[in-house]
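Could you put the whole structure together from the sequences, leaning on the hints where they help?
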Amino acid sequence: MTKERFKSIVAVYMILERDGQIFLMRRANTGYMDGMYGLPAGHHDGGQTLREAVAREAHEELGITIKPEDAEFVFTLHRPFATDGDRVDAYFRIKAWEGEPKNIEPEKCDDLGWFGYDALPDNLISKLKIVFEGMKNGEHYAEVDDRVEG
Numbered sequence: 002m003t004k005e006r007f008k009s010i011v012a013v014y015m016i017l018e019r020d021g022q023i024f025l026m027r028r029a030n031t032g033y034m035d036g037m038y039g040l041p042a043g044h045h046d047g048g049q050t051l052r053e054a055v056a057r058e059a060h061e062e063l064g065i066t067i068k069p070e071d072a073e074f075v076f077t078l079h080r081p082f083a084t085d086g087d088r089v090d091a092y093f094r095i096k097a098w099e100g101e102p103k104n105i106e107p108e109k110c111d112d113l114g115w116f117g118y119d120a121l122p123d124n125l126i127s128k129l130k131i132v133f134e135g136m137k138n139g140e141h142y143a144e145v146d147d148r149v150e151g
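Using this note's numbering, the first residue of the sequence shown is number 2, and each one after it goes up by one.
Mixed in with the good hints, there may be bad ones.
Below, a list of computed lysine to aspartate or glutamate pairs in the EDC-like style, where the Cα atoms sit at most 16 Å apart [stated by the list, open to error]:
#	residue 1	residue 2
1	130	108
2	128	146
3	68	119
4	103	5
5	109	53
6	109	61
7	130	144
8	96	123
9	137	18
10	8	99
11	130	140
12	128	140
13	68	99
14	68	53
15	128	71
16	128	147
17	130	112
18	96	53
19	96	71
20	137	112
21	96	119
DEER-style ranges, computed between Cβ atoms [to be verified]:
#	residue 1	residue 2	range
22	147	120	37 to 47 Å
23	127	44	29 to 39 Å
24	35	5	26 to 36 Å
25	114	4	41 to 51 Å
26	46	108	14 to 24 Å
27	20	82	36 to 46 Å
28	9	34	30 to 40 Å
What the hints contain is simulated information worked out from the structure, not anything from laboratory work.
Predicted model only: the values in this text are computed from it and were never measured.
Idealized CB from N, CA, C, for every residue including glycine.
What follows is the structure, given as structure tokens:
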């Protein structure tokens with residue numbers, strides 16, 4: 002009998018930048034970090050590459066078209082102690098897209114917009130500060146203990 006392998010929950014995050022600003026969405030009615038600003042994101046569903054997951058999620062959440070090859074990997078955040086299991090978050094800078102991002106899921110998002118890196122909202126999901134600081138320092142990986150960070 003073969004032992005079942007451990008599985009992590011994988012999510013992909015989109016970093017859309019334009020004119021020195023970054024696109025953020027305020028979460029609502031999800032039960033997770035509601036009222037906080039975060040990046041457009043979604044789960045990897047399996048049977049697809051991470052870049053393909055980014056393209057799918059961009060269409061589902063924002064109504065924009067991204068070619069998988071226009072998603073540039075920039076950072077991984079490992080959260081081994083998340084409340085619902087081990088999580089691996091893959092962040093991609095989106096180099097090009099078609100269309101204007103809009104709120105396709107108003108039941109999950111009650112505000113969206115462009116923010117300067119030097120003028121991010123106070124209610125930004127704290128893990129993103131770790132990601133942005135790491136990227137600024139040329140790093141590509143960090144770990145967060147959700148038992149401590151919350």
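**OP:** If any of the earlier hints don't hold here, list their numbers in rising order.
**Re:** Hints 1, 3, 4, 5, 8, 10, 15, 17, 20, 21, 22, 23, 28 not satisfied by this model.
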